[in-house]
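Trainee: The residues making up each chain are set out below.
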Amino acid sequence: MKTRSKLLSAPYTVWMTIFIVLPMLLVAWFAFTDREGQFTLENILSVGQYSNVFLRSIWLGAVATLISLLMGYPLAYIISKMSEKRQSVMVMLVMLPMWMNFLLRTYAWMTLLEDNGLINAALKAFGLPGVHMINTAGAVVLGMVYNYIPYMILPLYSVLTKIDKSVIEAAEDLGANSRQVFLKVVVPMSMPGIISGVTMVFVPAVSTFIISKMLGGGANLLIGDLIDMQFLGSAYNPNLGSAISLVLMVIILICMGIMNQFDDGEPGEGGMLL
Amino acid sequence: MKKTGGRIYTFLVFLFLYAPILVLIVFSFNDTETASRTVWSGFSLKWYEKLFEDRLILEALRNTLLIAVIAAAASTVLGTVAAIGINSMKRLPQRIMMNITNFPMVNPEIVTGVSLMLLFVFAVGLFGGRSLGMGSLITAHITFCLPYVILSVLPKLRQMDPNLYEAAQDLGCPPVQAFFKVVLPEILPGVVTGMIMAFTLSIDDFVISYFTSGTTQTLPIYIYSMTRKRVSPEINALSTVLFAVVMALLIVINVRQSRAQKAAKEDA
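Chains as they are written, first to last, in the working numbering: chain X, 1 to 274; chain H, 1 to 268.
Bound conformation, chain H alone (with noise of 0.2 angstroms):
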């Protein structure tokens, strides 16, 4: 009885998690003029070819791309390095370099949004050059992206034998071979989760690019005018394709962790 009803709860939480998901992709396939949403017409694909035909759709998938690409690789390296460095620090410095890595977490996104674009303009009045635009949208996304990455490449760190570094370069190891030899290998899951965490933020985010982009289009920023601008079941369908790559995405990852550990277990 207490079964039943635990079965039922989950079953309507999820029921609320994903109807409405269900509901986007059921009408990405319906075939009906732009002035209705919900009154079903037949099934089509009208709007998938509508959709892969819209220039500023894929301009803006090849800016979100592009950013991602750029702001994972650059604060992947520069928070591996960093988190390295915090490691090796005393206890109150590193104190203070959790605080300023944890404060761009904690605080809210707008602020740091707005912050920035303070920032931004506040340089081009100064320096002059372009004003809001990839650049921009760049060095924001690596900056947001940072402190996941120390914050998931320290715990390796913490983790790892501080005598093992040391005993390659007593054998005569050059430290940057006994990083690339010793230390890498020892925390590269971290730095790759790192790695993953700042690609995936990168493209999700809106706030931020919102208020960073001027008139740079990314996906986020392209949906949010969609939604603001007309009624498209367009955005259904780019819906759909979105959910169905992070689905197979996640699948991928997920049927490769239970091979890993099954082959883990054989072995042991």
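Same shape as in the complex, but just chain X (with noise of 0.2 angstroms):
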């Protein structure tokens, strides 16, 4: 019986090794190809031109989940000690921007950060002069936070509940005030969710391609709008897409592998809550 039920998988294993192997490994073929098909490592080492691109994506992407992790982590440590009823409903009410479309969410900044937007209506209603936000990077790194700082709430919520209050209890009563119970023990108990909600954020906030078109005007292009701009834009090159496409990933994969490094809790824990 137990042969037979690992045959229940295969077709899975088929249809992941057609629509997530096989296209990785055309991405990889594609990169290292020209367009007749001859090996090249040209479209790799023109990457290199676009090194502005990357750091711009890594800088904006490394502020977003910073400013997003010293937004939420109060937030999600006040909720953690609501009372029950209480905590179910701040949880909702953080998810419910999340069940709205990003586009209409980064949208609404949109009339709110413009030249003629809401805020400096606001703005010059007080006599105050106008103030150029839309097409920043501040706007862009704004939209980062404001659409992915749920993913940083949650995690980072569903580890500070699980911390066991004795322990807390236990610094108190060994001598140490409030601000060494959180800095000794609740930060480093909770660091599974730190480091899967600094990963929730990081991962999306660098590879995004709309927000920085939305809210950052053709000035700050991002890695995203690079790879867009070659497979559905002006410059159509696959070849050096799927080259960016490779290199973002590898990004990616070593900054998910220096976050692993600080976390020496059991693997598995840090709250994947959705």
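Quick caveat, the hints were computed from the structure, so don't treat them as lab data. Don't take each hint at face value.
Stated by the list, open to error - Using 25 angstroms as the maximum straight-line C-alpha spacing, the simulated PhoX-like pairs for lysine-lysine come out as follows: (1) Lys81/X / Lys162/X; (2) Lys6/X / Lys181/H; (3) Lys265/H / Lys162/X; (4) Lys85/X / Lys181/H; (5) Lys3/H / Lys165/X; (6) Lys156/H / Lys162/X; (7) Lys229/H / Lys50/H; (8) Lys162/X / Lys50/H; (9) Lys162/X / Lys85/X; (10) Lys162/X / Lys229/H; (11) Lys90/H / Lys156/H; (12) Lys184/X / Lys181/H; (13) Lys81/X / Lys3/H; (14) Lys85/X / Lys3/H; (15) Lys265/H / Lys6/X; (16) Lys3/H / Lys156/H; (17) Lys184/X / Lys165/X; (18) Lys156/H / Lys6/X; (19) Lys262/H / Lys81/X; (20) Lys85/X / Lys262/H.
Grab the two chains, each in its own frame, and use the hints to assemble them into the complex.
Mentor: Here it is in structure tokens:
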């Protein structure tokens, strides 16, 4: 019976081989060939020309991740201290915006940040000078934080609620003040949540392409936009696009490897809440 | 003092999360010509009228729902069966399968999107047939939904007592019947969760659809083209409708859950 039930996963194995493994091999194939199908390193080498785009993506993604962490941690902590009934309401309120398509959420910020948008209209009403916000790097970071902060809050919350209260009490009994309790007990114990939160914000933030298009204008091109341009845009060149995708994947793998170094807790913990 | 600080902070974060959505909703009722998104000139429902007359939107909605239903059903069946197989594997093959399952969840969506696009274009070049459209969209959606189904079914299988299935067989139950009568009821919550996740992920997906749709419109793709081309409060009306639907669904789910919990408590 065991051998027969093992066969049950065969259709899935075939499916994933065709639609996950094979496409990845195709990306690699395209990255190392030219238009005629000849082997070449040119695509990979010319990715170097776009190093400024890569650096900008990583930088903006890192800033957005850090802001999400600094903003999300206190909220997750506050929620974890609430009564059980209020906790579930709060978690639902954090998740609710995620149910709205991210294009609409980003569009909402467009109407707020525009030069004659609502924020500037409000400033003018108070007689203050307008601020140029749309099409700046700051607007892109704002869009990333807004879209991905729930992915930070939820894993943090699920780890923080699991912390045994008696551990905190023990630290207090042993004379730690509230700051020490937080820094030496709560933060280390919530490390798995921090790591999965950081990963879940950083990966989509680095590889986004719509947020930068909508809020960043043309001046804040990111890796995602670059890939988009090679496949569906004006600069049609799937070979170069594949090379960029490959480099993006490698960068993300390295980042996740670094993140996992910090995670010395048990594997599998760390609240994939969704 | 500390408590009020916490309350103010919570309020501010939620203000940040909800203010843009609120603005979007308010301006969907704005009686203005397309010129301005930000000047209030009276209450009107005209954008809703326009929305429900827009045949392209309705067609995109139909496509989105069709894809989501097919992708959710297919990935649930395929994923549940696969999870049973994976669960009975030895450690090493199981690890390999889990790595393959996790890969598309960690991989940037845009890379999954372009890789599938390359595959479909390549396959059309090789075998002929129709290029990107409903077929490629459904295939792509099944692919990115599958891991979520597997990851929600597997824990339920691990919790299940393996002797149950064998007991059923010892009592003369054929395997297929044993699955439907014994295994499925045990893992049903995981299967349903997986299906709901697959359905919502499929409805919401933009990035992978964008690369695999060709000229076929889904709702997120249509929204994208709306935000690019013209400024129209129709988008606000659409957002409001979608937000209301999601709210209603969540409230229904929550009420049902708390009722079920109450009933369970009263039974105990």
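Trainee: Hint by hint, work out which the structure violates, then give me just those numbers in ascending order.
Mentor: 4, 8, 10, 12, 15, 16
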